[in-house]
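Colleague: Which chain is which? The protein sequence lines are R and E, in order. Following this note's numbering, the numbering of the first sequence begins with 778 at its first residue and continues without gaps. Following this note's numbering, the numbering of the second sequence begins with 11 at its first residue and continues without gaps.
One should not assume that every hint holds.
[Stated by the list, open to error] Derived lysine to any residue pairs resembling SDA-like cross-links, with alpha carbons at most 20 Å apart: (1) R:K872 with E:D28; (2) R:K909 with E:L56; (3) R:K1022 with R:F790; (4) R:K909 with E:S75; (5) R:K1022 with E:R70; (6) R:K1022 with E:S75; (7) R:K872 with E:Y13; (8) R:K909 with E:R71; (9) R:K909 with R:A887; (10) R:K909 with R:K1022; (11) R:K1022 with R:A887.
Keep in mind that the hints were calculated from the coordinates and are not lab data.
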Amino acid sequence: MTHDVLLFLTTFFASAVEAVEALTIVLAVGVVRGWRSTMIGVGAATAVLAVIVAALGPALQVIPIDTLRFVVGALLLAFGMQWLRKAILRASGYKPLHDEGAAFARERRAAEGAGVEERAGIDWYSFTVAFKGVLLEGLEVVFIVVTFGSTQGNLGLAAAAAAAALVLVVVVGAVVRGPLERVPENTLKYAVGLLLTSFGVFWGGEGAGVDWPGSDLAIFGIVAFMALVSFALTRSLSRRRTALKPAESRA
Amino acid sequence: MKYVAAFGRFWWDFIVGDDWRVAVGLAVSLALVWFLAHEGVNAWWLLPVAVALLLVESVRREARSSGG
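Bound conformation, chain R alone:
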């Protein structure tokens, strides 16, 4: 039950973050170059993603659970640590924060400057940019849905969480009619990175043959430990950055 709640939250927030980024790309192209070709690109990418989930999900369920947990744990660790690493660097000021407004302006300028090329009655630029944007952002969601869902034996719940996040972002995007700049994207990425890394540790260890103290409840201890390490690291780097700034400005 507790794992299902964490599964839902992780998949929901990860999907929401990726959906916000995809929405920015789609909006910028659609507003500048029209919606028809853009939406065909979105539809084509969504279909490809759905096929990947439908093919990979059941295929992963025939793998022995310990092997699956070991492989998924290793992949989640590698993937989750990338999110967490970037989030810590952003939170401590060593990397610029992700700015949807700036990303929207950049995509918009690129869409305005691109030439017109029609293929089969489709504006090729709108189609390919929307297709690639949704496919690349969506692949991360698919990865999380398939790995979490299969390892937890609840692919339906993981897919439902991702779908709920997608619907929410699309509805809010349609109401706002602009990029979702107020979504605390960096904080969400920090939280998702933390959860992905913690589940990676839990499943990777279990798949390797570890018996966790407290069994399934150990996940809470791992999340708390990783959170403590990450927050301490962020704090220490922020202080160092602040201490360096006066020295830099004097130089």
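Fit chain E to the supplied structure of chain R, relying on the hints for placement.
Modeller: Frame of chain R, contents of chain E only:
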């Protein structure tokens, strides 16, 4: 050939990302935990500690390289 290279680069970025040392460290840590478990040693603490150390080292290295 161009597409094969792009495909390989995509998966490298997807799984390994900016710091290959983290990926290698994770692989070694997981292999060590697996080996110990199959030798009858329940080293449950090893993976969280290894992940924390790899994270701290990787983030600090990146911060140093960007002038901090």
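Colleague: Hint by hint, note whether the structure agrees.
Modeller: Status of each hint after checking the structure:
no., hint, verdict
1, R:K872 with E:D28, "holds (13 Å)"
2, R:K909 with E:L56, "violated (40 Å)"
3, R:K1022 with R:F790, "violated (34 Å)"
4, R:K909 with E:S75, "violated (32 Å)"
5, R:K1022 with E:R70, "holds (17 Å)"
6, R:K1022 with E:S75, "holds (16 Å)"
7, R:K872 with E:Y13, "violated (31 Å)"
8, R:K909 with E:R71, "violated (32 Å)"
9, R:K909 with R:A887, "holds (15 Å)"
10, R:K909 with R:K1022, "violated (39 Å)"
11, R:K1022 with R:A887, "violated (35 Å)"
Violation of the numbered hints given earlier is confined to hints 2, 3, 4, 7, 8, 10, 11; the remaining hints are satisfied by the structure.
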